[in-house]
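*Asks:* Here is what each chain is made of, one letter per residue.
2 protein chains.
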Amino acid sequence: MRSRVTLADVAKRAGVNVSTVSRSLNQETAGQVSKATVKKIRKIADEMQYSPNTVARGLRTRKSMTIGVIVPDLTNPIFPPIVRGVDSVLFSRGYSALVVNTDNSAEIENALFDSLMERQVDGLIIATGHTERSMIAKYHNQGVKAVLVNREASGVPFPSVIGDDAAGIAAALEHLAALGHKKVLHLAGPTVLSTASVRSIAFTNTAKRLGLTTKIIKATALSVSAGEIAMNKFLEANPKSVTAVLAGNDLLALGVFHALRKHGLRAPQDISVIGFNNMPFSEDFSPSLTTVSAPHFEMGVESARLLINQIEGKVTSPRKITLPVTLVVRESSGPVPKR
Amino acid sequence: MRSRVTLADVAKRAGVNVSTVSRSLNQETAGQVSKATVKKIRKIADEMQYSPNTVARGLRTRKSMTIGVIVPDLTNPIFPPIVRGVDSVLFSRGYSALVVNTDNSAEIENALFDSLMERQVDGLIIATGHTERSMIAKYHNQGVKAVLVNREASGVPFPSVIGDDAAGIAAALEHLAALGHKKVLHLAGPTVLSTASVRSIAFTNTAKRLGLTTKIIKATALSVSAGEIAMNKFLEANPKSVTAVLAGNDLLALGVFHALRKHGLRAPQDISVIGFNNMPFSEDFSPSLTTVSAPHFEMGVESARLLINQIEGKVTSPRKITLPVTLVVRESSGPVPKR
DNA sequence: ATAAAGGGTGCAATCGATTGCATGATTTTG
DNA sequence: CAAAATCATGCAATCGATTGCACCCTTTAT
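Just so you know, the sequences run in chain order U and C. Residue numbering for the first sequence follows this note's numbering, beginning at 633 and increasing consecutively. Residue numbering for the second sequence follows this note's numbering, beginning at 633 and increasing consecutively.
Worth flagging that the hints you see were computed from the coordinates, not collected in a lab. Everything numeric in this text was worked out from a predicted model, so none of it was measured. Worth double-checking, as some hints may not be accurate.
Remember, identical chains collapse to one label, so a pair may be satisfied in a single copy or spanning two.
[Stated by the list, open to error] Below, in silico cross-link-like pairs of lysine to aspartate or glutamate (DMTMM-like), each with a Cα-Cα straight-line distance of 20 Å or less:
| hint | residue 1 | residue 2 |
| --- | --- | --- |
| 1 | Lys-695 | Glu-750 |
| 2 | Lys-695 | Asp-746 |
| 3 | Lys-695 | Glu-660 |
| 4 | Lys-850 | Glu-868 |
Whenever a hint applies, use it, and build me the whole structure from the sequences.
*Replies:* In structure tokens form, the structure reads like this:
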């Protein structure tokens, strides 16, 4: 790479000390320098195409203007919108995001955390969902500034931004109840993932309130294949014992579609299916998926705001932000089949 | 954030100079220090949980160990796999990726480029597809090390990694021809995007070779809605004038599905539809989409390898890597409808 | 008119690492 | 056994910015 213009280069050309150049170019310190000098130096800096070296600045100021964003897997379609939401706020405030993927491995998360710390990130946005709290404890011990997003976070020492999962599950079950469903299956994700466990609990509570008969099965991951495997197993063991399935997220719901197809069943004629997240393209599935829409982009936005306020020591913002979700009714849910 | 342990802290505890600690801890220089000292210092560094400050190191070594990855939009599903491919290589070599989104705006790309340069990135992986070359020229003028991925790159001063788009288009058209189609529409993306123009040219060439009658229309973006709008317009003006559509990518193909549905037409019974990319979940669309599968993850991997070799001055690697693509036949393509 | 106050700049330390050169200790060589 | 080579370590400069302090030169107040 070509070597860049430094403060010293500008200073030499302007016939002043580097400190004067530095002060002239920085908004907050420009007042310490005479207007004429500021104007002259800015002009010269422009001509020379000076641009600051963030690394050098970061060393001195102990701020890297970089935020670590920890997600399980960027190819899970709910994360790109979150990341872009985060990024939109960060960029406008001069920060950059370093996005890393853990693949839900605590070991990898640990290694990535160390790497982010070495890079002197100013804060962390954590979208990984392990209920296991050891990483959270570690983050906190290190005095890291962080915000949790898209994961249950009660009793945790960081602010958080979540969708209203309980309300979403309730809306979905009420929708099914209104359609006449009495026996509903919940295909839950692994309980080590906080979103999975929150939704599972909400399912149980709401179903009880609505007087529904329930079954719960668990997938080993929040993925299409795990959902398919779990649902296949269920259909083989208990054919026709439920009229609707509420899946822990859209990927699992997609797995349910696959399993139904394999067993010659159709949604919603034989069984209704509801997902969670309203991930991109869920309206294009076959059938289009009834699901709970969560505002992922906004979740990213809010979490970034929370983090920056924390970093820059602004007014104390709320510790926990819960964003509303909405049920999106599409083809995959329908009336109880007549037998 | 808690202040971290520095080399000086370790040096003081070990009773040696910082330079000795530095040499002991770095693989390449550890040979300059006696084995006993290295061992002792490493032990102490471990106990104190020393970890290097990448910012300080970067200032001195003029290497940030950071790579800028420029994509149009992370929520376009082909990019997460590319990014993860890039990341898998970078991480294993100690680099991190700074991913930025241009939303196909030259202005934004320009601003992001400056920001990446200020952050002293060691190189760039560029996945934006403007045929307009001014940005490329700028990159080159600045002496930046870069690799292009997923975009046509002939006559450009950087190495590149692309899928074999021409072969993919050919395979798709041959498939249609074999099914008896004679009149085929190409729904192209905007020609300012290089992948769109490459595919468009390949379409024309192959169709001529196969003796197909063709029409070409253009969408204003590579998006579902742009595809839908363009296809609606076509269907209103020229109903039933073609029996198949080859879309410039899967998003456009999805737009075609929407337009067909609106006009009461079905794929493949009324018209066959083929996409490009084999993006995630294209097998779950209604109908499942016949498409050309491009190895996005591997493209990311190869581009990262190319870039790192360039940065570390390894053996000259090939300037251009073309990865094979494969046609994936699914439900959306079928025999010519009988009239 | 003189002292105090304030404005504008420069000097030099600092952030935490890497690294060329110097130095002293030890080993090898003739 | 002396000279030379080698080894292990320390010293200090350096990367490019920011910033506390000192200084000089004008104003302003008394």
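*Asks:* As a check of your reading, is Lys-695 near Asp-746 (CA-CA no more than 20 Å) within one copy, between copies, both or neither?
*Replies:* both (17 Å within a copy, 19 Å between copies)
*Asks:* My question is about Lys-695 and Glu-750: at a cut-off of 20 Å on alpha-carbon distance, are they close within one copy, between copies, both, or neither?
*Replies:* both (12 Å within a copy, 14 Å between copies)
*Asks:* What label fits Lys-695 with Glu-660 when the C-alpha limit is 20 Å: within, between, both, or neither?
*Replies:* within (16 Å within a copy, 29 Å between copies)
*Asks:* Check Lys-850 against Glu-868 for me: Cα-Cα at most 20 Å, and say if that holds within a copy, between copies, both or neither.
*Replies:* Answer is within; shortest intra-copy Cα gap is 15 Å, inter-copy 48 Å.
Taken one by one, the earlier hints all hold for this structure without exception.
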